[in-house]
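Asks: Given chain C's structure and the hints, the job is docking chain X onto it.
There are 2 protein chains.
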Amino acid sequence: MSEITGVVLDAMGGDHAPAEMVKGAVDAINRSRQVKVFLVGREETVKHELEKYTYDKNRIQVVNASEVIETAEPPVNAIRRKKDSSIVVGMKLVKSGEADAFVSAGSSGAILVGGQTLIGRIKGIERPPLAPLIPTAKGASLLIDCGANVDARPSHLVQFARMGSIYMEHVIGIKNPKAAIVNIGAEEEKGNALVKETFPLLKKLTDINFIGSIEARDIPYGKADVIVSEAFAGNVILKLYEGLGAVLIGKIKEGMMSTLRSKIGAFLVKPALKETVKQFDAAEYGGAPLLGLKGLVVKTHGSAKAKEISNSIIQCITFKEQRINEKIMACIQADSGSDE
Amino acid sequence: MSEITGVVLDAMGGDHAPAEMVKGAVDAINRSRQVKVFLVGREETVKHELEKYTYDKNRIQVVNASEVIETAEPPVNAIRRKKDSSIVVGMKLVKSGEADAFVSAGSSGAILVGGQTLIGRIKGIERPPLAPLIPTAKGASLLIDCGANVDARPSHLVQFARMGSIYMEHVIGIKNPKAAIVNIGAEEEKGNALVKETFPLLKKLTDINFIGSIEARDIPYGKADVIVSEAFAGNVILKLYEGLGAVLIGKIKEGMMSTLRSKIGAFLVKPALKETVKQFDAAEYGGAPLLGLKGLVVKTHGSAKAKEISNSIIQCITFKEQRINEKIMACIQADSGSDE
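Those sequence lines, one after another, are chains C and X.
Note that the working numbering has the first sequence beginning at 1, numbered continuously upward.
Note that the working numbering has the second sequence beginning at 1001, numbered continuously upward.
Isolated chain C, as found in the complex (with noise of 0.2 Å):
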């Protein structure tokens, strides 16, 4: 018999909690017998919610948490203070060993907060950074970190680089994954402070495939797969991604509808488009890890719904049984004592 990824889920979380939340739950273990769901919320109603659907009960547990964390709180004190919120108590479930990872589309402020203080960093790890799977021409590429830890340091850089080509090979499975910081010019005399200190020392590590910098304007190409960059660029390049996509698709749609010809081509192509746009949608690839915890965190959009959430549950069982953080700690500690 093949192991149970146990996973909690934050019911109370995002702008489609709780309906979208059960929903996405129970698909999840339809899809798959290797994964269990804890439903963290508020009792009544996550089993109000959960009572639309027939599943299988042994698989889907309700954890009740009274307390629930809103998105414009103040991290810190809302995870110090609201001990029986749905992220609190589920965080410590995975934190108690009982769970394996933690999905939630609540506020990341808190999730960032509580991964570090509740579940805690794998030793050995300075910061650990969010990293979402973005769309490119040849598939998806794994931007890290997208915002997590700004003015990081070049040693945390170099981190996010093993974690991330670690992470590309085992859970999303691209053999020996290319990995780029994200420079200003292609050169490695280019750059800020930051990438002209990093660019050396990952020119050094042997245990990742680095090619160097990359340029904005290559990523949706899929020139890396690993892409490196501090967090406030990664996040300035993940929401215009999101920006950008969005304006361009709903430009071409109100250029479609602008005369009769064109509304009677739109009505042809449609088919054919709905699957190009489905390729750039963030949805399809799940949440985004936060790596470097003991156990693992994922982010989903604030937006997701039961599709999202469904697809970041899956992921998880692949994470536990590549044994993704014993081989996080095992690059971690080959290195420690050789340099910086």
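Hints in this document: simulated from the structure, not taken from any laboratory.
A quick note: this is a predicted structure, and the numbers were derived from the prediction, not measured.
Just to be clear, a hint being listed does not mean it is correct.
Calculated pairs, PhoX-like style, for lysine-lysine (alpha carbon to alpha carbon, straight line, at most 25 Å) [stated by the list, open to error]:
no., chain 1, residue 1, chain 2, residue 2
1, X, Lys1196, C, Lys239
2, X, Lys1251, C, Lys307
3, X, Lys1251, C, Lys270
4, X, Lys1270, C, Lys263
5, X, Lys1253, C, Lys270
6, C, Lys253, X, Lys1251
Replies: For chain X alone, kept in the frame of chain C given last:
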């Protein structure tokens, strides 16, 4: 009789020099009677290109420059050593007052260095930012700085916001343009150290319409007219715009060609979509001004063709007519001694 704007065009810079440069110059003088172009480059080559056209010979003057600065050359060295290059000879015409503006599709680095050392900064301006217009759902926004000054200080960003606001109001014609600082959240307390320090300085300015932070997601929607950013993030925004736009449009074309049905549809929507794609074509907006210099310097894309060159030359007329540099000087001097 109205004033004539003298524009120096680097005939040797860019992927399509000299042919497209010369074509752009001829096009510009045919579009406006208020401009005279100095075509700087290898005289024989330039004259040979010019023979293809009929044009008013009083309004294009060929100025010989025997050397060319290549894109790969270290800029400081190139400007110092190649005294007879098109960039050095051309910029000296602006310095001496014989011409008002300098336009080039050549080496960004050499243009930045030359602009500062040969033409010089307006008194009080700490750093000259490169400020391209980027397409949005509403029209275009000014992205300032997109790569001239990495690791900038808060006082630099404050000057960028002011210069950008003057440019958008008087060159592009947007009344009371909305200025925002690129950030990773909408709240004032979010951001990296630079943004946190700069935000309150921008907030207390009374001469610009500062609307607070802008997340990268909202840039393509046109939520601000002046997008203030440190050069590294600005460069990432500009280049991701180019790359993502190209990949998405490419994917959509590919999608349209995937079935017989969609091919017929594509034929019908094509004319309407051409308009949409044109709205997101950077060439429509001409080049990016390097603001804050004693004279106007405009950097076009390296891949610029005649249309972008011609648009860039025409842009210089408004810049001179609106006395942008006098407005920048007045604004900076009004401020001197008041803060920082």
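Asks: Against each hint, give a clear statement of whether it holds in the structure.
Replies: We went through each hint and held it up to the structure:
no. : hint                 : result
1   : X:Lys1196 / C:Lys239 : holds, 20 Å
2   : X:Lys1251 / C:Lys307 : holds, 23 Å
3   : X:Lys1251 / C:Lys270 : holds, 14 Å
4   : X:Lys1270 / C:Lys263 : holds, 11 Å
5   : X:Lys1253 / C:Lys270 : holds, 12 Å
6   : C:Lys253 / X:Lys1251 : holds, 15 Å
Taken one by one, the earlier hints all hold for this structure without exception.
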